[in-house]
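K.L.:
Here is what each chain is made of, one letter per residue.
Protein chains: 4
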Amino acid sequence: MIIILKEQAAPQKIRELIADIEGQGLSVHQSQGVNTTLLGIIGDTTKVDVEKLQALDVVAQVKRIQEPYKSANRKFHPQDTVVDIRGRKLGGGHFQVAAGPCSVENREQILTVADQVKAAGAGLLRGGAFKPRTSPYAFQGLGGEGIELLKEARERTGLPIVTEIMNISHLDLFEDVDVIQVGARNMQNFELLKELGHVDKPILLKRGLANTLEELLMSAEYIMSGGNEQVILCERGIRTFETSTRNTLDISAVPMLKKKSHLPVVIDPSHAAGLTWMVEPLSMAAIAAGADGLIIEVHNCPEKALSDGAQSLRPAQFSEIMDKVKKTVDFFGKSMDENQM
Amino acid sequence: MIIILKEQAAPQKIRELIADIEGQGLSVHQSQGVNTTLLGIIGDTTKVDVEKLQALDVVAQVKRIQEPYKSANRKFHPQDTVVDIRGRKLGGGHFQVAAGPCSVENREQILTVADQVKAAGAGLLRGGAFKPRTSPYAFQGLGGEGIELLKEARERTGLPIVTEIMNISHLDLFEDVDVIQVGARNMQNFELLKELGHVDKPILLKRGLANTLEELLMSAEYIMSGGNEQVILCERGIRTFETSTRNTLDISAVPMLKKKSHLPVVIDPSHAAGLTWMVEPLSMAAIAAGADGLIIEVHNCPEKALSDGAQSLRPAQFSEIMDKVKKTVDFFGKSMDENQM
Amino acid sequence: MIIILKEQAAPQKIRELIADIEGQGLSVHQSQGVNTTLLGIIGDTTKVDVEKLQALDVVAQVKRIQEPYKSANRKFHPQDTVVDIRGRKLGGGHFQVAAGPCSVENREQILTVADQVKAAGAGLLRGGAFKPRTSPYAFQGLGGEGIELLKEARERTGLPIVTEIMNISHLDLFEDVDVIQVGARNMQNFELLKELGHVDKPILLKRGLANTLEELLMSAEYIMSGGNEQVILCERGIRTFETSTRNTLDISAVPMLKKKSHLPVVIDPSHAAGLTWMVEPLSMAAIAAGADGLIIEVHNCPEKALSDGAQSLRPAQFSEIMDKVKKTVDFFGKSMDENQM
Amino acid sequence: MIIILKEQAAPQKIRELIADIEGQGLSVHQSQGVNTTLLGIIGDTTKVDVEKLQALDVVAQVKRIQEPYKSANRKFHPQDTVVDIRGRKLGGGHFQVAAGPCSVENREQILTVADQVKAAGAGLLRGGAFKPRTSPYAFQGLGGEGIELLKEARERTGLPIVTEIMNISHLDLFEDVDVIQVGARNMQNFELLKELGHVDKPILLKRGLANTLEELLMSAEYIMSGGNEQVILCERGIRTFETSTRNTLDISAVPMLKKKSHLPVVIDPSHAAGLTWMVEPLSMAAIAAGADGLIIEVHNCPEKALSDGAQSLRPAQFSEIMDKVKKTVDFFGKSMDENQM
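Protein chains in written order, with my numbering: chain A, 1 to 341; chain B, 1 to 341; chain C, 1 to 341; chain D, 1 to 341.
In short, the hints are calculated from the structure, not lab data. Just so we're clear, the structure is a prediction, and the values are computed from it rather than from any experiment. Do not take every clue at face value.
[Said to hold, decoys possible] Facing chain D, according to a computed beta carbon distance under 7 Å, are these residues of chain A, among others:
id : residue
1  : G121
2  : G197
3  : M256
[Said to hold, decoys possible] Once the Cα atoms are required to be at most 25 Å apart in a straight line, the calculated SDA-like pairs of lysine to any residue come out as:
id : chain 1 : residue 1 : chain 2 : residue 2
4  : B       : K6        : D       : A9
5  : A       : K63       : C       : K6
6  : D       : K47       : C       : T45
7  : C       : K70       : C       : T45
8  : D       : K6        : C       : T243
9  : A       : K260      : D       : W277
10 : A       : K63       : A       : K334
11 : A       : K334      : A       : V50
12 : A       : K259      : C       : T45
13 : B       : K63       : D       : I65
14 : A       : K194      : B       : T134
15 : A       : K334      : D       : F331
16 : C       : K6        : A       : V50
17 : D       : K75       : B       : K260
18 : A       : K89       : A       : E155
19 : D       : K70       : D       : D57
20 : A       : K327      : D       : G143
21 : D       : K327      : A       : M336
22 : B       : K260      : D       : F331
[Stated by the list, open to error] Sample of chain C residues with no beta-carbon within 12 Å of chain A, all distances over it, derived:
id : residue
23 : G25
24 : K89
25 : W277
Glycine residues also receive a C-beta, built at the ideal position from the N, C-alpha and C atoms.
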């Protein structure tokens, strides 16, 4: 961290600042130019509060060199994290596809879709029990009942289940869920993240619509600093000026996150564009860019889906895409571990 | 609402769709062009699920004409909503300034600042007890103790208090708070919004960093559909490509929200730019654009602030700005109701 | 400028880098930390090529402290620039309103509008002769004939004329124009900017849809470095995710540009929102934020306008707004110099 | 096109509007709801001026169904366009890599790089003679001399050359260039586009930093409506809030442009992220998403590059990437046509 002092900074104030920083266990290296004084801060600056420094009278600018996250940082953990989901591995060369309906709607629907996505080669079953909907008048999900149906589908197919939490007070309903998802709109629901730091389960953390990759890693850090190191990062499209797709898939997020962090990175091509026909090319691009997995919406009857039908694939379409996914994952040197269980 | 059907839509499927829509209590008016068939949907389409319609095989596009919110809509409630905060009015020509520190830090700080902002003419005292911080290592607020200190400051000064909630389970701590704030990062924390719909208190709802004005109004609708109609909308800057300011104040949000909705609109010039020296010109612009109030960060010692020091004003600076605020509010024909209590 | 070197930078390479920088007439101050070496560059770094430095093997990061523009920089020119337009002053406390149709369409139209905007109190007449249109099939303007009609309107009303250039080869047609406008889409048409640096006329430079304020100032620098210091900066809305307004007016641009630069700043409330009814509140906000002028579209018959009718005011509406503009400019301490000529 | 009329629209005005539209050779189908009147416009609405319609008193909203471009539209030209560049094919299954330095700097540099990129398998040589630089103080390119050096490199290697035009008046210098590039900043320099519509050479049209895909296609339409149908579209990253990459590569642009248009689409992974190490994963993603080619910056000595060194590859790095590019292009079913000449 470099602190650039104001030209007119009083020597006494500078000494106080140096003493304060040293009091935090850091070393300070002062560099005196003709009319600029710089302080180089040496040591672990992860926990230094930049905003507080910037508010000081004597400080002109503060520039971070070190990243503000530590547990999620590849520098301190060079090996890829491999998340274990009921024996299925994700990360470190192991590729997984989670598939299923946007919302769990009824017993028949989820069991049918679970059978179909399993047959097509998916390794995980996804489905929403609690649904974040922009309108209070839209279908809000089956809630606890939806989770029970997902468990039944898991029993039948052996596929571990992934579902979204929206409210800390529902946490006990998620006790038997395999992967807890945090949706884009809750990426900075810090109270929820803190709570999930105490859970012994993988957390699938989706990037917020307008959050930087650094903020995503800081939110992972919230979970990890609580003790839960099983975080899966998910890029699902960001909000930009472009309107022909619902969001803009930030494909660079894959190599960037994998460089900055040891955590696995998955892509959600269904939400990224909001268009069924674009799931295939975006899935291919995700694999090619180095992603560790995909989350794909599949519905047995998209035209009757209670939410997000426009971006859901039919099982037959999904099956075709999976054939290409398998070959492409193989071509790019990862394995799909289909038959672990 | 207009539904544009696909060219090859089968007549049988079209009849089913029409029957389904009519089953929701709406009328359908079919218009047959040479190769385009349109369905005009007449009636209250607020609760129609557009995504579900878009997923239908026969549908090419769905275009809303009517807004998807009703309680917040000025069309159905032409009069300005005036929110009453312990006898102080906000909206409908009544202008309020809420001021105070980003975080409540200790008893002396909050009491001192409260005295100072009252002396300068603020009508409400703001202060954070629970703080949303990007880093898990940054100061997270005093929590319940902070709320107690705010209440003590209210007792001393008579200023009603505004403070942010981050977790539904903290709701009982807010029982004696005058205005509950929902922060930008929780604007689409729908579970929290639903809960606040059952509270009998004004809610200050901040726009999310990348949320449209329609989404802001939909979040207000979440609260209002639960029964709580006392919602204050707050524009606090959106995320754009520009980096010289922390966020970009969307000043057009003021006239647009006031045209679309009857709810009062306030501006947070402190967070919008993140720069102390810009609070004054942005406050002037907000008043000129028709805002009903301001939320301004004031700290008795910004360089020691535990959060957001860089954007906090010193009390003397705030006092100068308030002199201009009062004259400008008066020039633009609103009243500040300073001495109601 | 601070250069942060890579940890493993070879001493010989560092010495070469220092020699190279010193060869550009700058001083280098080396600061050695435990595992970070910093070089502080002292002197006028305006012309240092940051990208070239960043490409060096030994360099980790380069951070500018000084702004990369000089002629436009208030630091080197603390006094406000006052632009003189045929005797009418803009900047330094002098406020001007330029008004007129988006496109000059015919003799009757431009003469009528010119009379009307003059009567309402506008100080400058604007009108497009060459029009940048997204579609090749849309009306492209009257070209040279439009400029002739503007000159006739100037003769009749005494109002100096402002019109847009799109092609360097048209420059001779602009010889008798009073202010040459560079549109948003040409803000980084550097060849055009260079050419305008040799013209002895005020240039109205509009901010690009996705350009930062620093880039706007760099484009002003292109013109100024050629010798033409009469640049007027114009904020006209930026492109964001918000769709209820055509663009998002960045009101913070006014105080920021005026802090960074001595050049006058005007606002175009017509293009910013693309909505007639929003011209008034945005004009008020612009004045309150410290703008030096406004550019407003006025058409004698907006429903017949060949371009941008939706955002054009009728003369009677413009006249009402001008009454408020005059009072507001006066309230905020600037003068409108209506009767200079 | 659907026109939604205002509730209070006078019948006489509606009749006039219908007559006016019919006068443009279109049919109008009126649909009368309880309180909404719709006009469906049937026929080729490409050239209808939406803004003009929206300005009409009786019109509430206008919604396009048909795209506003025709020559670029796949609907009217279902077959992929294959551009022929001195016998090398691009599009329709033919994949090309253009490589070379950001700027042509001197004879030795461009000849060396040309030899190296040819050896690595590039099919086209790119190099900037005229350079758009944000700062007037940065290196602006060798100009005409740079083009002469490119031609010499072509003679030596047989590689066709691609270089950027910034000024219409330079057009004669480009007479013997093989592909003329229009840079992102000039994507809406409509005067330049019109001129290029009369050139008999492929045009490589880069998407602007904040331009939608529809606008990109409209700019292609400008060129094509002039008679030049050889347009290559290029996605090179858009401007968003994310700061860890210089721009955000919009990978969805590839499938979207190819669905909407028959024109070939190439990706510039060097400018997209601005990071050398990210060129490989983004190139892989581009191929996987269906791109028809890549434009990659290669410099024989990036640390001495006069522009954009940070994103340029060394020839050895480029050669390694090309090995993977060839295999990946083959895997995804396209051919590289390396040995056509």
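K.L.:
For every hint, state whether the structure bears it out.
P.N.:
Structure-based check of all given hints:
With a cut of 7 Å, the hint placing G121/A at the interface with chain D is violated, because the nearest CB-to-CB distance is about 19 Å. The interface hint given for G197/A is violated, since its Cβ lies 25 Å from the closest Cβ of chain D, which is over the 7 Å cut-off. At its closest, the beta carbon of M256/A sits 6 Å from a beta carbon of chain D; the interface hint therefore holds under the 7 Å criterion. Using a Cα cut-off of 25 Å, the hinted pair K6/B and A9/D is violated, with the two alpha carbons roughly 29 Å apart.
The hinted pair formed by K63/A and K6/C meets the criterion: a straight-line CA distance of about 16 Å does not exceed 25 Å. Under the criterion of a C-alpha separation no larger than 25 Å, the hint pairing K47/D with T45/C is inconsistent with the structure, at around 51 Å. A hinted pair counts as satisfied when its Cα atoms are at most 25 Å apart, and K70/C with T45/C qualifies at roughly 10 Å. Restraint check: the Cα-Cα separation between K6/D and T243/C comes to about 21 Å, which is no more than 25 Å; the hinted pair holds.
Taking the CA atoms of K260/A and W277/D, the gap is near 13 Å; set against the 25 Å cutoff, the hint holds. For the hint linking K63/A to K334/A, the alpha-carbon distance of about 38 Å lies beyond 25 Å, and the restraint is violated. Distance restraint check for K334/A and V50/A: the Cα-Cα separation of roughly 40 Å exceeds the 25 Å cut-off, and the hinted pair is therefore not satisfied. Taking the CA atoms of K259/A and T45/C, the gap is about 32 Å. The hint is violated against a cut of 25 Å.
Distance hint between K63/B and I65/D is fulfilled; the C-alpha atoms sit about 11 Å from each other, no more than 25 Å. Note on K194/A and T134/B: the hinted pairing holds, with a Cα-Cα distance of about 12 Å set against a maximum of 25 Å. Distance check on the hinted pair: K334/A and F331/D sit about 16 Å apart at the alpha-carbon level, within 25 Å; holds. A C-alpha spacing of about 23 Å is found between K6/C and V50/A, which places the hinted pair at or below 25 Å, so the restraint holds.
A C-alpha spacing of about 38 Å is found between K75/D and K260/B, which places the hinted pair above 25 Å, so the restraint is violated. Restraint check for K89/A and E155/A: satisfied, since their Cα atoms lie roughly 19 Å apart, inside the 25 Å limit. About 29 Å separates the Cα atoms of K70/D and D57/D, which puts this hinted pair outside 25 Å; it is violated. About 48 Å separates the Cα atoms of K327/A and G143/D, which puts this hinted pair outside 25 Å; it is violated.
Straight-line distance between C-alpha atoms of K327/D and M336/A comes to about 21 Å, which keeps the hinted pair within the 25 Å bound. Simply put, K260/B and F331/D have alpha-carbon atoms about 53 Å apart, too far for the 25 Å limit, and the pair is violated. With a cut of 12 Å on Cβ distances, G25/C stays outside the contact zone with chain A, its closest approach being about 14 Å. No beta-carbon of chain A comes within 12 Å of the beta-carbon of K89/C; the shortest separation is about 34 Å.
The claim that W277/C lies off the interface holds: its Cβ sits roughly 24 Å from the closest Cβ of chain A, which is beyond the 12 Å cut-off.
This entry does not satisfy hints 1, 2, 4, 6, 10, 11, 12, 17, 19, 20, 22, going by the numbered hints stated previously.
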